[in-house]
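Student: These protein sequences, in sequence, are chains A and B. Under this note's numbering, think of the first position of the first sequence as 1, with each following residue one higher. Under this note's numbering, think of the first position of the second sequence as 1, with each following residue one higher.
Treat the hints as calculated values from the structure; they're not laboratory data. Owing to the predicted nature of the structure, the values given are computational and were not obtained by experimental measurement. Certain hints may be false.
Reference listing, derived: stretches of chain A covered by chain B, where coverage requires no fewer than 3 residues with Cβ under 8 Å from a Cβ of chain B [claimed, not checked]:
1) 107-116
2) 119-133
3) 147-154
4) 256-268
A few chain A positions that, by computed beta-carbon distances, are all more than 12 Å from chain B [as the list claims (entries may be wrong)]:
5) Asp38
6) Asp69
7) Leu165
8) Glu225
9) Ser323
10) Arg357
11) Ala378
12) Cys388
Using N, Cα and C, we set each Cβ at its ideal position, and we do this for glycine too.
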Amino acid sequence: MKLNWFSPLPPARTDIGHYTARILPALSREADVTLWTDQAEWDAELERYATVRQYQPDRLPWPELNRADVSFYNIGNNAEFHLAIWQVSSLQPGIVVLHDFCLQEFFAYVYRWLKGDRDGYINQMGSLYGEMGRIDADLWWNDQLSMAHLIERYPLTPLALADALGVVVHTEHALTFVKRKGYPVAFAPLPFAATTQVDRGSQAQHEPPYRLIVFGYIHRNRRLESLLDALAGMPEKRLFRLDIYGQLSDEERVRAQIAALGLADAVSIHGFVPEPELDAALGSADLAVNLRFPSMGEASGSQLRIWNHALPSLVTRVGAYASLPEETVAFVRPEHEVADIQTHLRAFLRDPIGYARIGERGRRRLEQQHAPDVYVRAVIDFAAHAQCLRLGMLADDMVERVADQLGSWVSPAPPSEMFRRLAEGIALLTST
Amino acid sequence: MRIVIATVQSLFVRGGAEIHAHGLRDALRAEGHAVEIMAIPFKWYPPERIVDQMLACRLFDLTESDGVQVDLVIGLKFPAYFVSHPNKVLWILHQHRPAYDLWNQPLGDLHHHPNGLQIRDTVRQADRQLMPEAKAIFANSMNVARRLKCYCNIESAPLYHPPQDAARFYCADADDYFFFPSRLSPNKRQHLVLEALAQTSGVRVCFASSANYSAYARDLLTTVHDLGLDDRALFLGDISEEEKRAWFAHARAVLYPPIDEDYGYVTLESMLSAKPVITCTDSGGPLEFVRDKETGLVAEPSSDALAAAMSELWGNPAAAEAMGKAGREYYDSLDISWPSAVARLLA
């Protein structure tokens, strides 16, 4: 089988790039893979397993793309990494790998800043979410409503699936939604190859100050503000150090808050570091803080990375995180963030080994459910049905076009015999 | 019987498919049958139009017309052969080749489109599902039958038929030229012949027929000039059937090196004219009739090899004449006739 795989690639600063790198060895054993990217550079290591080809959405090499049996489009919420991919996916149906369930920010960007299409955006919101969606879309367009409000209520997921042959999802929530919409769907937990073994239970040598870690692409929904408030409000704050790795969407604001809260000695901002350095930081941390609110509906690659280090973690009880087993994470309620964070930090001080056990259980879950080979098998099995999926989509297209034609000159409604013959004809041409 | 021949046409174009359909109609009428040709205009671009026309053909009702039953439908070309009828025979000239052997090949077009894969799969699926409805499946040649088996796992019997006005071809004394009668088109490879011609001495080639692709024709003329072949490559343009037969009759040999031709009337016309054929190892249909060094020469598809073959026959008129006669005898031994074809179709 030959696959086209559209994805951000390392060193792009997105975990979806790392996800592709993680599954590529297993994927390349099952299929002949071509990685397609609009990036100017990529990790050369990827070329051990696949051909890497650059593309521009307005000049696609269709003969080369058509050599594959099916194309996979990795879609996420960040337009910086996924805009070109989405543009290709709307031209040639393929299998969408849905990394984020909520794509409001993505499509808001497309409509407002890329296309400047206010009416288009409002009409889509109205079409999917009714009058309330239309009203809120208009308010947001006029800067009278926040994006956070829209993200919570209007995910706009269907816009990424309109041309999909099928969808791969990583969360139960996304699975339920996609199934309800009638798309062919495959569910597989996000893959991560468990690596280093860590026995945190025996690491009693970790003593205060205990190291907290936050990492990744740190937008406001990562709740760093609440974590800093929680720390600042605790007399025990001297017993913790917070390391922040990755890209802060508003570093100036974060630094100002740190200064205002008197946390300069307790918090270090490291920025983006090489992967080995981040792994070392995770390896020596005591507690990860992996909050999300609002959630984009994503399955967190960060969470898997945390579990790989058997690191205990605080997560928000929302979205896909809410369905994680209680014994593998420590939950924070979105409406009681600061209080719950403080409760957990105090509990950690009383029983660090107990929290270490949480991390170990997370690690076991990672090993059992997130092996890349298992994920790849699910993806390949789904891809094998691509031809059937393509014919099914064609049947839908034909029905629409025939209905259009009939609607334009047949009134009242055509007789059922006509529909029967049309349906038979379409089915005969497209059934497998 | 009342028989409908279901085929397609490119409007304002008359080629081998039209000759085939009309020859079949006339042959069936000669045996007393009432015959009509249903020629559906076929537009294959943009690709989604292909599926529309497949569906349209499928929806035709040919069971009867004006109260009169249609006894037999003979389907010749895609997608007309999808028409539904309880008594249908297929005589496949060729499938929709851009979805098969021309997929992702330079001469194909479907793979240049974003929906190319989807249309390709639909064409293949429809062929596999619907062809077996026929009571019998014949193919224009062993080459077409081979493709049908290879891509669709469908068995078919090769069934040859004579070219138009077969009885009127004749042989005359050879003049100093090779004859290449064919549409000026990349798949016929006139450019390859010119490149080979430039490597020969004294050989002259006369090309007949108009251009399918005007850009290709312009390129050929430029090549003639660039290679200094102005006095050895003659382009005749469109000629009448009578003129064509005369050019065949007086040729020293016939050049016909297309890429993977389905059948190839030119080969049969050459044999009827008792002229040897120079063709190539990848030319498809012609190879079912040209026996290397017996009725013609089969060369590798390179200018060097073709030039060597051209030089060989040019330099040995006696051998060329002998091969031509052998070709005629071989043709006669094959019993390629309309009565034979009709008998097999109606059996």
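Student: For every hint, state whether the structure bears it out.
Tutor: Quick rundown of the hints versus the structure:
no.: 1; hint: 107-116; verdict: violated (count 0)
no.: 2; hint: 119-133; verdict: violated (count 0)
no.: 3; hint: 147-154; verdict: violated (count 0)
no.: 4; hint: 256-268; verdict: violated (count 0)
no.: 5; hint: Asp38; verdict: 17 Å, holds
no.: 6; hint: Asp69; verdict: 8 Å, violated
no.: 7; hint: Leu165; verdict: 9 Å, violated
no.: 8; hint: Glu225; verdict: 45 Å, holds
no.: 9; hint: Ser323; verdict: 36 Å, holds
no.: 10; hint: Arg357; verdict: 51 Å, holds
no.: 11; hint: Ala378; verdict: 22 Å, holds
no.: 12; hint: Cys388; verdict: 9 Å, violated
Consistency with the previously given hints fails for numbers 1, 2, 3, 4, 6, 7 and 12, ordered from lowest to highest.
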